[in-house]
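Asker: One letter stands for each residue in the lines below.
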Amino acid sequence: MLNLRTIERKHGYNFAFLDENTKREVRRKTLKAVAIPGHQVPFASPELPIARGWGTGGLQVTMAIIGPDDVLKVIDQGCDGGVNAVNIRKLLVKTTGVRTTFATGEATIVQTRHRIPEEKLRADQILVLQVPIPEPLRFVEASMAKTREMHAEMDYSRMWVFLYENIVKWGEITIGARYPSLVNGRYLIDPSPIPRWDVPKLHMADTLFLFGAGREKRIYAVPPHTSVEPLQFDDVPFRVEDFAGRACLRCGATGTFLNEIFDGRGGKLYVCSDSYNCDAVKAKREGTTDGGGQ
Amino acid sequence: MNDLLTVHGLCKNFLLHRQHDAKLLTGCSDVSFSLKPGEFMGIAGPSGAGKSTIIKCIYRTYLPSEGEIFYRTKDGREVDLAAAPERDIISLRRSEMSYVSQFLKVIPRVPAVDILAEQLVARGWRPDGARERAREYLQMMNIDPSLWDTSPVTFSGGEQQRVNLARALITQPRLLLLDEPTASLDAETKKIVVQALLYLKKQGSTMIGVFHDSDVMRRLVDRVFTMTGGRCRSITRMQEVV
Amino acid sequence: MAAANDAFVLRVNRLTKRFGAGCPSCYALTGPAGETNICPRCGSIVACHDVSFDLEEGEILGIVGESGSGKSTLVRCLYFDEEVTDGEAFLAAYGGGRVNLFAATAQKKRHVRNHLMGMVYQNPLLGIKPHFTAGGNVAEKLLTADIYNYAGIRTRAAALLTRTEIPRGRMDDFPAYFSGGMQQRVQIAKALANNPPLLFLDEITIGLDLSVQARVLDLVKEIQRELGIAMLAVSHDLGVIRMLADRTAVMKNGRIVELGLTDQILEDPQHRYTQLLVQSML
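Protein chains in written order, with the working numbering: chain A, 1 to 294; chain B, 1 to 242; chain C, 1 to 282.
Think of the hints as simulated: they come from the structure by calculation, not from any bench.
Per label pair, the in silico range of CB-to-CB distance:
1) Asn123(C) / Arg246(A): 50 to 56 Å
2) Gly95(C) / Arg239(A): 39 to 45 Å
3) Ala93(C) / Ala145(A): 29 to 35 Å
Computed footprint of chain C on chain B, listed as stretches where at least three residues anywhere in the stretch have a Cβ under 8 Å from a Cβ of chain C:
4) 12 to 18
5) 78 to 90
6) 108 to 118
Just so it is clear, CB atoms sit at the ideal spot from N, CA and C, and this is done for glycine as well.
Let the sequences and hints guide you as you build the complete structure.
Answerer: What follows is the structure, encoded as structure tokens:
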């Protein structure tokens, strides 16, 4: 039995804020989630110094898996400087004292809101995603009891009809983010509000992806080397966002996910969504080596 | 024995359940006769003598109470229509046995030509071929071509009865059961019906018919089975009756 | 023909459905003899008991009976909407007709239901979703049967809806705004979408105008003739049964009291209850 009194309390808090029993609970549920790829596992989701709905699911997963030797990167919509990212990073640093980085390649844990970094992630890294609505079927079925039954029986016909009617109405599937995807040929997941651009990165990746939904009290996972297939009709294939002919205004990169910015004069500007990647490309182009960091 | 149909000791009773008791009515009792292929037998007798009962027992609309009704099928098997499983009856009705009542019962809205064609389509005909043949039969029955594509529900009684008969004749049944097919028809229409039945007889069909009209009967049947009170009084050659 | 019973599409064997805990005398004390399906000892409802029949390829079997006779429960059990208490059912198209469907797992049952069965409920809104388009409803049935080609689904849905007389222009409208008869026809189109060898019809003409009723029956009859689908048609209306069914089973207090050729049931009813039913016909 773990003796709580022996735990070293550095900053007046237990390491990573959560007490050890809570962390163990989250870890157990995370392990279960990894064991059943795509299946939503309920967990306790206690109160945190951040309001629910502001990334507490991802935060708890990170708190449960982080150790003193980890290197942490936190991003919000691809940006290391977003308010949400800064606050979460500060909380984690204050309660763990771990080293943080902007460099994707240096991090061992990346907690993220609504993006997966452009740089390909490795097997020794874990990506923790903050999830507002874990249930992919929520929009087609309001009852949670019913959606659980649908998952159990792998009855995703309503989601399919939703996609069918989307095509009928708009000529194509108009879902921008949260594209419903089938994990390991079994469970349908909401991959969190990442753009369609990022969905293929989940498929057969080297990295472990953990999804935490604090308000909804659900954890689910995509383990490494697991298939993640966006729902698509045989003859209407899934497409990612099209940025053909556009490049980042700042770093000049093509082939990255671009944010659309209005210039106030009726025109549109495009810049990289992944701020570290943008910095790195820009530095490389300008011949400097500083690619971000602290 | 190369009889097509052999009825042996056929009895039909109706047990009517009532509030506190039940009442037993007799439809027909101890009816026996046999028919050779191609023969046409008429059943005669006063109202309530049980004429229709026999026909309905053969068609199994009535469940016979006693006796056997042996029918020799096209492929040479002997089937007891009184006891055969319902499915066998349905299959025989679809392939070689037809029944014509006094009234035309059809789904409203279906045009006359389709009512006939339907019979052939159910037997595996192609729809266009079936409709072609259906038109020939409507023509034969002297139904005005302007009526072919309307529902017989709107037809006159005589026209309805001719459609009813045509529906049975178009399938060229091996055994045709007729329950007063000429009742309430005018002389002209009767003539058409008689001709149609004679034509079918020439094709080799075996028929049993209940007729009120002795004139029609004389022109059609080979033998007459006369009934009173549910029993057979006599079976005679047609010539002797006249 | 001699071995007609080997050609079944559906075989039901001693199906029993009881609501309630039950007691040893439930079956003895209920049924047409006692004119009740509520067990006087324990209060359980015996909705169906000892129901057996075969359904052959291309055949329409009618099931008549008053409200509460158990006819709808029977169909709901066969479509797995209700769990049976006892009994067996075999589908020729599943496991060679030798595997008891009721003993299958929920997932297998769903597969059977999606691939081998169609259902038309009394209330169209039980069978279709008013907030999916008419085409979407048909698509749903195709998608559950693992057909994932958008153009293919579209073509098939259009063909089925045309077949059931829904104008092509209404295909992408919501059935919530359709008349009852149109909703029923959308439901029939949906039920037919996966080309099932077996179709259940549960009081499909209730609540429809007479003219609309006739059209729906026409449609069912035509479909049966064209596609040779075996159907189980439940109705309390003998007129409907006469128009549709080759054979008819009469149910009373959860039991089949008489099963025979439809014209025989109507013209020479044997059982006391059937006679009453036929005499009550308008």
